[in-house]
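Note that the protein sequences, when read in sequence, are chains L and U. Under this note's numbering, the residue at position 40 of the first sequence is numbered 40, and the numbers go up by one with no gaps. Under this note's numbering, the residue at position 137 of the second sequence is numbered 1137, and the numbers go up by one with no gaps.
These are computed hints drawn from the structure, not numbers from a lab. Keep in mind that a hint or two might mislead.
[Said to hold, decoys possible] Okay, the calculated bits of chain U under chain L, using three or more residues with CB under 8 Å as the criterion:
#1 1022 to 1032
#2 1347 to 1355
#3 1364 to 1376
[Said to hold, decoys possible] DSS-like cross-link-like pairs, simulated, lysine-lysine; straight-line CA separation at most 30 Å:
#4 L:K84 with U:K1343
#5 L:K39 with L:K84
#6 U:K1269 with L:K84
#7 U:K1063 with U:K1415
#8 U:K1097 with U:K1118
#9 U:K1343 with L:K118
#10 U:K1197 with U:K1269
#11 U:K1063 with U:K1197
#12 U:K1197 with L:K84
#13 U:K1097 with U:K1415
#14 U:K1078 with U:K1063
From the three backbone atoms N, C-alpha and C, an ideal C-beta is built for every residue, glycine too.
Each chain, letter by letter, is given below.
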Amino acid sequence: MATQDLARVAPARSFDPVATRGEVEEFLVNEAALLDEWKLEEWLALVAEDGRYLVPSLDSPESDHRAALFLISDDRRNLGSRVKQLLGRATWAEFPRSRTRRLVTNARILEQADDWVKVTANFAVWRFQHDATDCYVGRYIHLLVRGPGGELMFRERRAVLDLETLRPHGKLSFIL
Amino acid sequence: MEKVEPRDFIVDDRENGTFRVNRRAFADPEILETERREIFDRTWLYAAHVSEINTPGSFLTRKVGGRPVIVTSDALGKPHVFLNSCPHRGNLVCLEKSGSARALTCFYHAWSFDLSGKLLGVPDAEAYTPAFKREEMGLRPVPRMENYRGMIFVSYDPDIVNLESYLGDAREYLDYMIDFGGEEVEIVQGAQAYSMKANWKLLVENSMDGYHALSTHQRYFRQYLPDIGMDPAAWVGANRTMGRGVNLGGGHAMVESPQRPTPLTGSAKAELDAIRARLVEKHGPDRAHRIADYTRNLFIFPNLILISLWHTVRTFYPLRPDYMEIDAWALFPKNDSQQLRQKRMDNFLSFLGPGGFATPDDVSGLEGCQRGFATMRELPWSDISRGMGREEPSSQDELQMRAFWRRWNALIQGKRGPTDCADRPERRLAAE
């Protein structure tokens, strides 16, 4: 039986995956380090040209960004602008910049397709600014693809918060 | 600290053009108590939109004016607003955020109610005496509820004037906020529930403050707009478009400007032109012009803001002098195409909400004001006098805020009759 046929009868492929769990974990913790260090241009390079950064509204965590109002629904162009703004001098919400510390755990592969892999991981992002401590808790649901050089990249980067409201956090001004 | 009497919180010298607010008004717990009693318990408060309970048997719960309420659509589709507390012993009757049900049951002793509030079931009811009036033990409606074109308002004052009289001159502009799409509007799924560590009146001011836009929101105008290929000149250039600030009476107020290019007017030009043509057909050219060719931030006293640039509805309520909860939604035409709906949401999110390119900077600004108020013994006054001598103050001036403060000032002193909220420069001009 040809490899192609095997793939057809076994959609949950145990071979030739887009990424292994080990690779996914390494990708996620490196990403978290870039964000905590505010290396946002390097971080942006992890997002594919058709990539999107999504944070659903807290009352509609399962919803589709085309049908429901999200907190953040950036295409690559808006995300590029977001990074520029955050690195600029007029983003008062991040002036001075928050200190953040991300704990990313429980990474799992949810689904493998021919050219993408759907992964999830839990996160707790601690944020410190103006003598306040806020914790943003939730899970990531990402679609990862291989970039031109074989590196993993985001096609969709979704951060689903478990918080019921953004109180007392008030704002979501850094990249979650 | 020396005691400031409520009558001393505002210095309003119309003759000389001085308007100051004592910063104690933003920080004093006693003032918040007075505000709850004299303002929030005596005004009309926005509660919900009928589109949120659009099928018979649907319900939602939220807080309005500090009380937990249940908003329902009964079996016949009639909207109700009830206090969310069991008439028996007080437990919250409904614990879910929203849903659909034939009956709501308080889990404490299993009393159940239908969605018109009627008491349905009381376990072991034979234990009650004839003095127990079952028909009086239904869910308690809020003292007043009125539905203005789909917007449900409530009041905890049983004697308040009807909603249309209360809205007064603001009503026409509220109509524009509803009519802009040429058809019915609905609240889009996805609420923005956030907060600010700031006094609620700072958000009243901020929500209709043209003056702060260029400095606080420069990243939106000078970075984001060019990043998506737009020329920000109409917003930030030397000949930028200016609007006016308007006192609408009763504490209601507005800033209004001729329509300027936004991400939406660029991306959805054809659709918006078609809607404008429909508006002309439906309302005639004059009214269509007033609806479609201006942008407005409309403030309905004491805590409702509608902003036409993004079609948002925003309300807020103070839990403490230095902390408020904010709820905001998008109010969009029901039958927009999928593409137009998406463009409206993108436009909304580029500016508004906790993750937008503007609102977080307002959060930081207002929280910064509140932290600054710790100096109020040495620096007791905020100045809100911009444009006080002008016959028609601009949207960069502060008449619209003075209109709010004058009504606030009257109410916290227990003056419940009409308030003159205008600057009245004409009187001074006539005397000169």
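Exercise. Run the structure past the numbered hints and jot down the numbers of the failing ones, going up.
Key: 1, 10, 13
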